[in-house]
Amino acid sequence: MADGSQRDFALVGLSHKTAPVGVRERLAIGAPELPEVLQQLRAVPGVEELLLVSTCNRVEVYLYGAAGADERVQGWLVAHAGEAVAKVLYRRAGREAVQHLFRVCASLDSMILGEPQILGQVKDGFAAAQREGTLGGAITGACQAAFTAAKRVRTETEIGVAPVSMASAAVELARKVFGSLEGRTLLLVGAGKMSELTAKHLSGNGARVLVTNRTLARAQALAGMVGGQARAFEDLPQLLVEADIVVSSTAAPRPILTVPLLQAAIKARHWRPLFLVDLAVPRDIEEGAAKIENVFPYDVDDLEQV
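Residues in the sequence shown are numbered from 0 upward in steps of one, following numbering that gives the first Met the number 0.
Simulated from the structure, these hints should not be mistaken for laboratory data.
Backbone N, C-alpha and C define an ideal beta-carbon position, used for all residues, glycine too.
Some clues are possibly wrong.
Claimed, not checked - Pairs of lysine-lysine residues, derived as DSS-like cross-links and limited to a Cα-Cα distance of at most 30 Å, are as follows:
#1 LYS122 to LYS175
#2 LYS175 to LYS266
#3 LYS122 to LYS266
#4 LYS290 to LYS266
#5 LYS122 to LYS192
#6 LYS86 to LYS175
#7 LYS86 to LYS150
#8 LYS16 to LYS192
#9 LYS175 to LYS16
#10 LYS199 to LYS175
#11 LYS86 to LYS266
Unchecked claim - Pair ranges (Cβ atoms, derived):
#12 HIS79 to GLY132: 19 to 25 Å
#13 ARG94 to GLU171: 48 to 54 Å
#14 LEU107 to GLU292: 39 to 45 Å
Working from the sequences, and respecting the hints, build out all of it.
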């Protein structure tokens with residue numbers, strides 16, 4: 000952005016490459032707050048168009064506007080999430096910002112190269128921005144071109160031949176821990192997209208699958224897909240006693256698997272090991288869980304090593 004009269008494309012954000020999950024979760028924007036955040040960012044001086052992408056591995060604001068708008072957006076993000084994010088935010092401008100969008104959509108910038116979820120997540124952000132009226136010709140054109148390019152990358156290269164995702168990595172971790180999932184009890188906490196993907200990867204593995212969610216009907220629908228059993232969210236303390244491994248992916252703003260809850264569960268299990276996989280950002284498992292004897296928590300950053 001060279002001068003006050005010139006408009007350009009820009010990007011401000013952070014990702015798994017610059018920030019651990021403990022910092023990323025401070026900036027994570029959930030679906031309920033997304034409309035308000037889009038409007039607040041759109042009101043930043045100099046911003047004319049805006050797209051926000053918030054996933055477990057990145058939060059990125061793509062904008063089109065006047066000189067200095069990207070710096071002001073960066074300031075807004077720091078004010079929103081705290082000084083901890085200031086050192087890990089990056090900015091891109093012009094062609095470099097557009098190229099980054101293309102790489103993200105094609106899953107070339109993902110923690111797990113080739114994972115198929117990111118394109119859908121960017122499209123979700125695009126749809127939200129459309130609903131809020133924060134898009135214009137510049138960002139719309141860039142996104143449509145990036146979506147087309149991402150589809151070509153997936154169909155004309157081998158990047159998606161053996162697709163890997165956070166969900167499949169979680170199931171692979173379970174296999175590494177137990178060798179076989181035959182006869183094991185796996186608890187899914189949450190019934191959103193990530194839990195659905197995890198359930199699909201579990202299909203045919205011989206595991207007993209339990210699903211719990213604040214909305215029981217959604218848990219029942221997901222359990223029905225994999226021949227599992229839906230349980231009320233109020234049963235969570237008992238479910239933690241029954242499960243061999245827990246995969247949690249909710250949209251809760253604060254941890255639901257708290258240290259006191261896990262301490263009570265491990266005692267009721269007579270200290271039988273409990274493995275927890277946290278696919279949520281913000282995290283579902285409270286910090287400090289790893290200090291509990293025989294409780295073994297893994298978060299999305301740990302899955303990069305699977």
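| task | State the violated hints by number, sorted upward, taking the hints as numbered earlier in the document. | result | When the structure is compared with the hints, numbers 1, 3, 6, 7, 11, 13 turn out to be violated.
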